[in-house]
Amino acid sequence: MLDIRAPFRADYWRDHLLTVVYVGAGLLFFFIFLAADFPYGEALSSMAAPFGLSLTYKDRQSSLPLGAELDGVTLTNLLAPGSPPLLENTTLTLTPGLVSLLFARPSINARAELYGGFVTLGLSRARGAIRVSIETSNLDLGRYNALLKMGVNLRGFVSGNGAGSIPEVDPTLGNGQLHLTVKHCTLRVARGFPMLKLGDLDGAAHMAGGMLQIDSLAAHGGDFEVNATGTLKLAPDLSDSLLDLRVKLVPTAAARTRLGFLIQMLPHPPGPEPYLIRGPITAPAIS
Numbered sequence: 001m002l003d004i005r006a007p008f009r010a011d012y013w014r015d016h017l018l019t020v021v022y023v024g025a026g027l028l029f030f031f032i033f034l035a036a037d038f039p040y041g042e043a044l045s046s047m048a049a050p051f052g053l054s055l056t057y058k059d060r061q062s063s064l065p066l067g068a069e070l071d072g073v074t075l076t077n078l079l080a081p082g083s084p085p086l087l088e089n090t091t092l093t094l095t096p097g098l099v100s101l102l103f104a105r106p107s108i109n110a111r112a113e114l115y116g117g118f119v120t121l122g123l124s125r126a127r128g129a130i131r132v133s134i135e136t137s138n139l140d141l142g143r144y145n146a147l148l149k150m151g152v153n154l155r156g157f158v159s160g161n162g163a164g165s166i167p168e169v170d171p172t173l174g175n176g177q178l179h180l181t182v183k184h185c186t187l188r189v190a191r192g193f194p195m196l197k198l199g200d201l202d203g204a205a206h207m208a209g210g211m212l213q214i215d216s217l218a219a220h221g222g223d224f225e226v227n228a229t230g231t232l233k234l235a236p237d238l239s240d241s242l243l244d245l246r247v248k249l250v251p252t253a254a255a256r257t258r259l260g261f262l263i264q265m266l267p268h269p270p271g272p273e274p275y276l277i278r279g280p281i282t283a284p285a286i287s
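So for the sequence shown, our numbering puts the first residue at 1; every next one is plus one.
Worth flagging that the hints you see were computed from the coordinates, not collected in a lab. Since we're looking at a predicted model, the values are computed, not measured. Possibly wrong hints are sitting among the right ones.
[Claimed, not checked] Below, in silico cross-link-like pairs of lysine-lysine (BS3-like), each with a Cα-Cα straight-line distance of 25 Å or less:
#, residue 1, residue 2
1, 248, 183
2, 197, 183
3, 197, 248
4, 233, 248
[To be verified] Between beta-carbon pairs, the in silico distance windows are:
#, residue 1, residue 2, range
5, 278, 237, 10 to 20 Å
6, 81, 170, 36 to 46 Å
7, 268, 244, 16 to 26 Å
8, 120, 58, 19 to 29 Å
C-beta atoms are modelled at their ideal positions from N, C-alpha and C, and glycine is treated no differently.
Given the sequences, and given the hints that come with them, work out the whole structure.
This is the structure:
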């Protein structure tokens, strides 16, 4: 007669310990080999393609216990031919999600040491959309040469996190939320101009229906106290996106002395009346 109480007795597990160890080891090795053979490069490329991005890499090797490393990773924007790569010669450490291993659905976790900090990224595909989660820590903008090549002299250390869902048919219609901080931020608006000390920035935003809503953006400890809110209407080519910001500036006494000629170039003196920044993100008008 079958004894249904047997599995609940300690002596049963002592008698079957070796079997349990063999089964557990077999499952462990199964997942290790399954993870090693997972098509990471192909999965990442397929997720990047709907957004006009191309991902290539030079070499791949296993990363124990689970996963792989892609060396020489380059990420380029196909919608802006000739623009600097978004990533260049980077190493990604990748692990597949459990759903990927069991049901062959693309789901990948990636980590990269980047610009003196690190980025972790989670990607999965479900119902015609790419689900994204991201966390960054202490990315040094001064090491990102692509900004300088675009004429942007921006420095600081970026940390943040966010999550969202992006439709493959139209990435601009995604939804999600984002929180970013930038420590010791500085900006030079043009060659020959003094460096603006923006201090520490803290911002939060959410996206819905093709609109990025900037819920809050504040800067403290620099030349200006800054508070801003507004929107960014996203376009398939990001450079065509439309900006609509309301920005309040309060310069410090030292900034009024050091940056007086720049402050005089503003449409009106700093005060309770906000500055309106509107137009294409690459060349907005200020009033």
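Structure-based check of all given hints:
1. 248 <-> 183: Between residue 248 and residue 183 the Cα gap is close to 20 Å, so the pair holds against 25 Å.
2. 197 <-> 183: Measuring from Cα to Cα gives roughly 11 Å; hence the hint holds.
3. 197 <-> 248: 16 Å, holds
4. 233 <-> 248: 21 Å, holds
5. 278 <-> 237: 10 to 20 Å: 19 Å, holds
6. 81 <-> 170: 36 to 46 Å: 21 Å, violated
7. 268 <-> 244: 16 to 26 Å: The hinted range 16 to 26 Å holds for residue 268 and residue 244, with Cβ atoms some 18 Å apart.
8. 120 <-> 58: 19 to 29 Å: With Cβ atoms ~22 Å apart, the hint holds.
Comparing the model with each numbered hint stated earlier shows that hint 6 is the single one that does not hold.
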